[in-house]
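Number of protein chains: 4
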Amino acid sequence: MPWSLQEVSQHSDSKSCWVIIDKKVYDVTNFLQEHPGGSSIILKYAGRDATSAYEPIHPSDALEKNLLPSQHLGPLDNEAVHTLTKVEASKKKTKDELRSEQAMNKRPPLNRIISLADLEDVAKQVLSYRAWAYYCSAADDEISMQENARAFNRFFFKARVMRPVSKCDPSTRILGFETTLPIFVSGAALAKLGHPQGEVNITKGCAPSKIIQMVSSNASFSYAEIAAASSPSQTLFFQLYKHKDDATALKRIREVEQLGYKAIFLTVDAIVPSNRERDVRSPWVLDDQETGIKVYNDGEGAADSDPGLGVAGALIVNDDRDMTWEKTIPWLRSVTKLPIVIKGIQCVEDAILAAEAKVDGILLSNHGGRQLEYSLPPLEVLYRLRMQQQHIFNKLEVYIDGGIRRGTDVVKAVCLGATAVGLGRPFLYAQSAYGEVGVRKLISILEREIVTTMRLMGAAKIAELTPDMVERVNWHPVAKL
Amino acid sequence: MPWSLQEVSQHSDSKSCWVIIDKKVYDVTNFLQEHPGGSSIILKYAGRDATSAYEPIHPSDALEKNLLPSQHLGPLDNEAVHTLTKVEASKKKTKDELRSEQAMNKRPPLNRIISLADLEDVAKQVLSYRAWAYYCSAADDEISMQENARAFNRFFFKARVMRPVSKCDPSTRILGFETTLPIFVSGAALAKLGHPQGEVNITKGCAPSKIIQMVSSNASFSYAEIAAASSPSQTLFFQLYKHKDDATALKRIREVEQLGYKAIFLTVDAIVPSNRERDVRSPWVLDDQETGIKVYNDGEGAADSDPGLGVAGALIVNDDRDMTWEKTIPWLRSVTKLPIVIKGIQCVEDAILAAEAKVDGILLSNHGGRQLEYSLPPLEVLYRLRMQQQHIFNKLEVYIDGGIRRGTDVVKAVCLGATAVGLGRPFLYAQSAYGEVGVRKLISILEREIVTTMRLMGAAKIAELTPDMVERVNWHPVAKL
Amino acid sequence: MPWSLQEVSQHSDSKSCWVIIDKKVYDVTNFLQEHPGGSSIILKYAGRDATSAYEPIHPSDALEKNLLPSQHLGPLDNEAVHTLTKVEASKKKTKDELRSEQAMNKRPPLNRIISLADLEDVAKQVLSYRAWAYYCSAADDEISMQENARAFNRFFFKARVMRPVSKCDPSTRILGFETTLPIFVSGAALAKLGHPQGEVNITKGCAPSKIIQMVSSNASFSYAEIAAASSPSQTLFFQLYKHKDDATALKRIREVEQLGYKAIFLTVDAIVPSNRERDVRSPWVLDDQETGIKVYNDGEGAADSDPGLGVAGALIVNDDRDMTWEKTIPWLRSVTKLPIVIKGIQCVEDAILAAEAKVDGILLSNHGGRQLEYSLPPLEVLYRLRMQQQHIFNKLEVYIDGGIRRGTDVVKAVCLGATAVGLGRPFLYAQSAYGEVGVRKLISILEREIVTTMRLMGAAKIAELTPDMVERVNWHPVAKL
Amino acid sequence: MPWSLQEVSQHSDSKSCWVIIDKKVYDVTNFLQEHPGGSSIILKYAGRDATSAYEPIHPSDALEKNLLPSQHLGPLDNEAVHTLTKVEASKKKTKDELRSEQAMNKRPPLNRIISLADLEDVAKQVLSYRAWAYYCSAADDEISMQENARAFNRFFFKARVMRPVSKCDPSTRILGFETTLPIFVSGAALAKLGHPQGEVNITKGCAPSKIIQMVSSNASFSYAEIAAASSPSQTLFFQLYKHKDDATALKRIREVEQLGYKAIFLTVDAIVPSNRERDVRSPWVLDDQETGIKVYNDGEGAADSDPGLGVAGALIVNDDRDMTWEKTIPWLRSVTKLPIVIKGIQCVEDAILAAEAKVDGILLSNHGGRQLEYSLPPLEVLYRLRMQQQHIFNKLEVYIDGGIRRGTDVVKAVCLGATAVGLGRPFLYAQSAYGEVGVRKLISILEREIVTTMRLMGAAKIAELTPDMVERVNWHPVAKL
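Chains as they are written, first to last, in this note's numbering: chain A, 1 to 481; chain B, 1001 to 1481; chain C, 2001 to 2481; chain D, 3001 to 3481.
Worth flagging that the hints you see were computed from the coordinates, not collected in a lab. Errors might be hidden in some of the hints.
[Stated by the list, open to error] Over the 10 Å line for every Cβ pair with chain C, so calculated as not near, a few chain B residues: (1) N1066; (2) N1105; (3) Q1125; (4) C1168; (5) P1273; (6) K1337; (7) Q1346.
[As the list claims (entries may be wrong)] Covered, in the sense of this in silico footprint (three residues per stretch, anywhere, with C-beta under 8 Å from a C-beta of chain D), are these stretches of chain A: (8) 155 to 161; (9) 440 to 452.
[To be verified] Taking lysine to any residue and the SDA-like style, the derived pairs with C-alpha atoms no more than 20 Å apart in a straight line are: (10) B:K1244 <-> C:S2166; (11) B:K1461 <-> A:D322; (12) A:K294 <-> B:M1104; (13) A:K461 <-> A:G176.
Source: prediction; values computed, not measured. Ideal Cβ positions, reconstructed from N, Cα and C, are used throughout, including at glycine.
Please work from the sequences and hints to get the whole structure.
Have a look at this one:
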């Protein structure tokens, strides 16, 4: 039963829907309703080859996890493989693909990359427009995203002089696990969109410096592949998007426990899709680039139709929207011994509730500005927490992410009481631009910047960074270059 | 007695002034002094066809309401009709008409419209310059208009997590009347300038979602036509510009009562014409586009001459400029049983007086920045009212309008105590761009944005939106895109 | 003894210096050292015709006041007159003169001028670059000048509604003298630079509305000419730059008393030349335009040489730099019965001293930002005075000038306690653009704006404008268009 | 033993490394490890002529101080000299050299230079890109550098009037030494990069006005040459970068004591290299300009390699990073009788410690924003010190530097209690643009601006400038032009 293209093509609707992925045939008829991205995106490829749409988004174990063995229908026949190969070979590159390829060939040499902004600049050039739109997009007018970064601009240092700093050690521990710097990789989905080795680039790039990687539930490599890519001394955390069905959620937890992941970061700020316009618009931008502007004709587009969820929204349609402090945390405690961190605390009041719920840590985060527009910048929440509820810092570990691009940003958060800070997009950009070596470069830049900042502030170790060393100024400094 | 053009043309001055409107002849000699826009604009067309100037501004019952039966002189003769039709057909389109037509043909398909800004962008393209200038213009340097919108930029959310939101209901009641969203159509005049179906587009577009429409005294459709276009379950409010003559004002109130309008919004912030420069300049812009720049020669334009009032000023010249709390509210109460809302409260002090006058509601508004330049933004007035006079919210309903363009804007106002928020220009833009379906699209976008915002804040219904969920920040966030 | 050019040309140095002005010959040898602009500017024309440099700056009585009868040497002979006339006629126009002429021919008709900004725009086009630079220049980086205007942007209205305003009267009194509006012409020198009729345009333009004109000591028309141009019911004030020699100062006071001027505004903020770079650079800009960029060669320009004072600095080199409260005010009181106002108070402390010195009024002013860079904006000083020393307003009249361009600006200052506000540059621009009729237009625009603002605030007369009607906001509104 | 090029060329690695400087041969093998800029930069020239790289950076006594007599190997032979001369002559100028030369020929005449900004503008044109990048670069995104200047923008004057100022004296004393103005030259390295006479231009330019020059440890002229260029009445201070080896540091102190330097400014804010990206990037910018953009190929640039320190970082690699209040100040006191000033105090807390350590003065400075990004602007530190710890001003002298460009800036700092203010970059720009005469021009401009400001504030001498004359405003003024 190797299949011909003709045979496959007869299963092209919702009653019987087959697709070809990487030269193999699958019956996804029963899966149509469960697909997080909705059935219509699959039906577009019903009876046809779906490889190019499928691969950049799905981890390698997705088919195995989601389809029964009987739905794996087996390989195409030789003629079909030959035909698809010819089709693939003859496919004309899009303008965006050509642009991206050209940019790839013009990347500056790595020794000219001296800041995270440099890495982002290269990534912006080499990424496909679709990947760029997915990575950089944020909610509504992208104000919270920008404010996350701008918040750091309001905090100045009161540097101390005449303190010995020839030896300066920026290492620390997160939930008891060693790290050479007070930073970690914050969970970010779909790294494969930016580079074929995706999340694995990050894993390998973090190994030498023991920077801890938080792996997203929506990673584009499987949790197992990422674990396999890690070195023995390396720590991985898991970012849990909790499925609405507890049993399904538990299966996911068990899997990562067994793979040796060391903590659960429960995502609470992204339980429904948000409004990321840049992401939603990206297929239109690409369409228009290839085939010209679309114009209105009556009947096209019902007034009440949904614009679609973009890439991001599709990933979370089955997540639990009814989590509570009373129900969810005790359940999680009851099923796992791993430390639990709440990812997505956005105000002081919830930080208090988290402490009362006795979780091990909280990650002050608004999801990089990608979820609730006008959510307070995490640094501002950290500052309020430090001013108003200092005791919280004794009860759990506090982290922040969002907008961190410089060693000074890291040091400011640490001064205010953060155990460590997470970076998401910067790691995606680094690996998109230069793969694994880009990740190493990012860490090396941050290390140099953090150590220089600490020394110039008179601090020889993390514990010497204290709240009195930063001041929130009441004017509006110039923006970064 | 069908009239020839020659006969009509003999009545071309203030002693005997006839005009042709839609092939019929009217004697407006006695009406010249009563015309809100002044006699000179009519005299420009004395003895001639005035249809093209008359129609986009006046409701269909204007002639009936303002002229005696004896002043309706009857139809033109056939030759006259023929001549006018030929003249009309041979009229060359202006550059602005051509531009607008071209834009109409290039509108993006409706399924690509995902924000209110998109609707405004299309409207800006397709509207005649004159309509655009009338809709978007505001007082003086348009600072209050811009500040209305910018005010929302200073209010951030303190989102709550771990609250059940899978079910989320944004419906509420305004003066006891149901609405699926805490929004309503704020009164805005002359919708016909933007689309032949004008206000009726709004009425029909609001029907499915039961969004309440406040109809302006200066609507370009008659109150009856709008009522006729509404569905049985739909609520209409009436925005009253009170005539200086109480009897005339009363006639207007009686009319809308009988038509089933459900509340009176008494306009108090627009009792004299204001200085809308963009509106005043618009005929010059169009003239120059057609025939080149005008230059100075001595004697042209007396120093003390008035620049004209623009479209807006003309509409209100006969309004009551001497309303008082002591006189006007009791009178209004005495003549109608409808709920009374004061539209145009601009400070806390007057909110208190309104409560003392026992009205049913107040609409904090500065008329979209179109009247008093440097009037405080309504959101700032709402914030002061909430901070300083919380008890007011128990005595009457509070609404705001001005600058609302996003679901987050709506939610912020509701958090601070607004029962609902009004949108004016956005509805005009939506119907100008796509007619009735544009109005439905606008509502559908706002519904999605409001529900998403509520869920991401941990609120499953309107009552769960509370003042502690917003914070007025003391820095200056980046502006919207 | 009509003089030949040859005879005149023999008196061309500081030992014997003759100049020709308007076809007459003057011996200015003894005057060289007394000339406020320094001797070098005169020596440039020694033995030659100086008319074109002399006329736009000097009032017609300057030669009479400054030279003895014996120094008036009499007319040129016919041949000399003939030669000069030919030279004049053959003089090629400069690029700047051509540009200015062209702009003059393209002025928009007066009925299209609807704001003070419109008048300024026209003036900027039609003025010679030199005049423009002199009028608009301010100290250093022109920050105080800009801040003067921007200060108004921070004050918002708390408008009151439901108050009778059909009748609205903006008239008031300044030092007991009637004015139809709470504004006056603030002293500004050298109006002739902008228009041949200079200050006289302002006088005549103000007559119908009884707007009071403060005439500068450095007016380019004589005090007598200006008085002669005024109507019987018109009030003139005098802006005194006190000469360091009391007797000389007294002579000036006696002159204006006899001409019927009604008050003395003693200038105290401009006792030394300031740094107006735009003014200083203007001859270089013009030179380069005509003849190309100047470049460095060694020896050109000693390091310690002064850049020159610009037009403005020259006017005040002989003024009294050692005035004190103890000495100067009593002296002034002793020599005149006219009301005394101190022009140039820049802080609350000096307002108190002025009240103690029992002067009749103070003009809060930083000279339009032309003197001390970073002097507080007058509106901010007024606000501090109102908040901190309310009783001062009962002891003397308070005025402000600087940055006023809108009716709202006027109303804000009046709300805060100003009896009236002065405008300087706007009157210069108005008369430069359209002469006397431009001045009338300016007043007519302001009247309309002031009345509209008052009505929309619920104020029917000046006394109803109170401090509680304005609020200084703590955010940064958008700038004017 | 005059050497041939062939003989020298055989010593081209780290085992035996000879270089040619100014036609003489040196054995630097043993010095490689001590070279502050690292060995690699020397090895680039091993066995070859290093003159062009060496000269613009090193003082003339560097070879004598750092190499043993036996390592001075003597002159090249005639043929070698001839060859090098020919090579030099045939060297094609780079695009940057041509640009700079052209700009030098187009400098505006000195009498058109009327502000420090003018001097900077010329310098930016005439400097080599490398020198410009070194001078103007600052840490990270150059925010602290910009904020240093912007801080002055927030302080406004409360000018006093009616005070005698015809005589105005801006002279004062610094550590007891006379100066005609409350300013001094703040230490700045490598003036030779901008002009062949480098620091000597500054020395000679300061002589007439007795402005005190603080000479950097890293000056590009020797301390002796600078002392020799000074006039007998002129005061020099010494900016000490303390070597980590006390004995080496002491040798440097003894040298300047003997040369007559009058005070030690101990640098404490620049003990490790900082991140000056513009400086680091400058060779790449120049390379690309000459030879095109560099692009990435695998293996080029290890991820963990350092980007290099730039010019600035190299100068301080051997400095003492373990200075403390307890150890360093007592040691310094024990070895010298000169007054001691701490340069680089960045917060109030350290100002208090400095007073307790009984030093003679503190220079509030963040090294012109070149070291710790987000260090508070010195003017803000001065303001906090004045508000919070007024008594400190009685215990030691306080100076600031950073961002001073106007006389108003100087006067503001003096009002707040600064004895004097330092300027660094402006002196480098002035001498780069016009040599010694540029320095005199700079001082003459500042003198005029300071005196004008004092007079317009009612201050006739430095002591009359008091804290109540400045106000820190709570809005954001427009930026300088």
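Status of each hint after checking the structure:
1. With a closest Cβ-Cβ approach of about 23 Å to chain C, N1066 (chain B) is found to remain outside the 10 Å limit, as its non-interface label requires.
2. Residue-level check passed: N1105 (chain B) sits 32 Å from the nearest beta carbon of chain C, beyond 10 Å.
3. Every C-beta of chain C lies more than 10 Å from that of Q1125 (chain B), the closest at about 22 Å, which supports listing it as non-interface.
4. The Cβ of C1168 (chain B) sits about 32 Å from the closest Cβ of chain C, beyond the 10 Å cut-off, so the non-interface label holds.
5. With a minimum CB-CB distance of about 7 Å to chain C, P1273 (chain B) fails to clear the 10 Å threshold, and the non-interface call is violated.
6. K1337 (chain B), annotated as away from the interface, keeps every beta carbon of chain C farther than 10 Å; the closest lies near 21 Å.
7. With a cut of 10 Å on Cβ distances, Q1346 (chain B) falls inside the contact zone with chain C, its closest approach being about 4 Å.
8. Here the segment 155 to 161 of chain A counts 7 residues with a CB under 8 Å from a CB of chain D, which clears the bar of 3, and the coverage holds.
9. Counting residues of the segment 440 to 452 of chain A whose beta carbon lies closer than 8 Å to any beta carbon of chain D gives 6, which reaches the threshold of three, so the coverage claim holds.
10. Distance check on the hinted pair: K1244 (chain B) and S2166 (chain C) sit about 10 Å apart at the alpha-carbon level, within 20 Å; holds.
11. Between the alpha carbons of K1461 (chain B) and D322 (chain A) the distance comes to roughly 14 Å, so the proposed pair stays at or under 20 Å and holds.
12. Restraint check for K294 (chain A) and M1104 (chain B): satisfied, since their Cα atoms lie roughly 13 Å apart, inside the 20 Å limit.
13. Our distance criterion of 20 Å between C-alpha atoms is met by K461 (chain A) and G176 (chain A), whose separation comes to about 17 Å.
Checked against the numbered hints listed earlier, the structure breaks hints 5, 7; every other hint is satisfied.
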